[in-house]
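Participant: Spelled out, the chains give:
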Amino acid sequence: GAGVSQSPSNKVTEKGKDVELRCDPISGHTALYWYRQSLGQGLEFLIYFQGNSAPDKSGLPSDRFSAERTGGSVSTLTIQRTQQEDSAVYLCASTRDRGYEKLFFGSGTQLSVL
Amino acid sequence: AQSVTQLGSHVSVSEGALVLLRCNYSSSVPPYLFWYVQYPNQGLQLLLKYTSAATLVKGINGFEAEFKKSETSFHLTKPSAHMSDAAEYFCAVSAYSGNTPLVFGKGTRLSVIA
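Same order as they appear, the protein sequences are chains X and R. Numbering of the first sequence is given in our numbering, commencing with residue 177 and proceeding in unit increments. Numbering of the second sequence is given in our numbering, commencing with residue 273 and proceeding in unit increments.
No wet-lab data here; the hints were simulated from the structure. Heads up, some of the hints might be wrong.
Straight-line Cα separation of at most 25 Å, SDA-like style, residue types lysine to any residue; simulated pairs [what the hints assert, rightly or not]: (1) R:Lys378 x X:Val289; (2) R:Lys350 x R:Thr277; (3) X:Lys187 x X:Ser242; (4) X:Lys278 x R:Ala325; (5) R:Lys350 x X:Gly216; (6) R:Lys340 x R:Gly280.
Since we're looking at a predicted model, the values are computed, not measured.
Please construct the entire structure, taking both the sequences and the accompanying hints into account.
Facilitator: Below is the structure:
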């Protein structure tokens, strides 16, 4: 596709349920990021995939969060046993090269945990 | 580890006045520095970047930033604010190691008063 695609755009769930958020990066982009954006907190780095290297998971806030990237393309961020503090916009971004000429962001998934 | 600190979560300027958004970084290796902008209801987009070439970097829409190693700063400026500049601005840092995530600051919301 022409840009980074994220689905769903909005997700409302009940506390304790699991959710999966999907990201389709731009074709050919080797690097993929997940960030979380909360009001007043800016963009919080979650996880980073670069080519075939082991992902950098240093930003994941707890073991309830996990992500995978299949075939070097589509990525899924999974949050288990969601909590109200997980409510935020989850952003995915991809880039073609390591020099960060441009990081292309998706429109995000607005997650609301009730 | 790398980090950025943006001074001031909200800056308000009059139309035509100087815009100055402050960013200080911390990095154990020579940094790459970026400013991203997020207009209301839109995704983030790259405004400008510093990657060890010229210390004064010019970006889109008349913005520029100067890398000052002695001050560990990368402040964003624009000589004359326009109403369309109202947005959230994020400073970010990375290192060209091939496997280093891009870390964002908490953002500064710029308001432009007519």
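Participant: With reference to the structure, classify each hint as holding or not holding.
Facilitator: So, going through the hints one by one against the coordinates:
1. Simply put, Lys378 of chain R and Val289 of chain X have alpha-carbon atoms about 23 Å apart, close enough for the 25 Å limit, and the pair holds.
2. As the CA atoms of Lys350 of chain R and Thr277 of chain R are separated by approximately 20 Å, the hinted pair is consistent with the 25 Å bound.
3. A hinted pair counts as satisfied when its Cα atoms are at most 25 Å apart, and Lys187 of chain X with Ser242 of chain X qualifies at roughly 17 Å.
4. At roughly 17 Å between alpha-carbon atoms, Lys278 of chain X and Ala325 of chain R fall within 25 Å of each other, so this suggested pair holds.
5. Straight-line distance between C-alpha atoms of Lys350 of chain R and Gly216 of chain X comes to about 24 Å, which keeps the hinted pair within the 25 Å bound.
6. A threshold of 25 Å between alpha carbons decides the hint, and for Lys340 of chain R with Gly280 of chain R the separation of about 19 Å falls inside it, so the pair holds.
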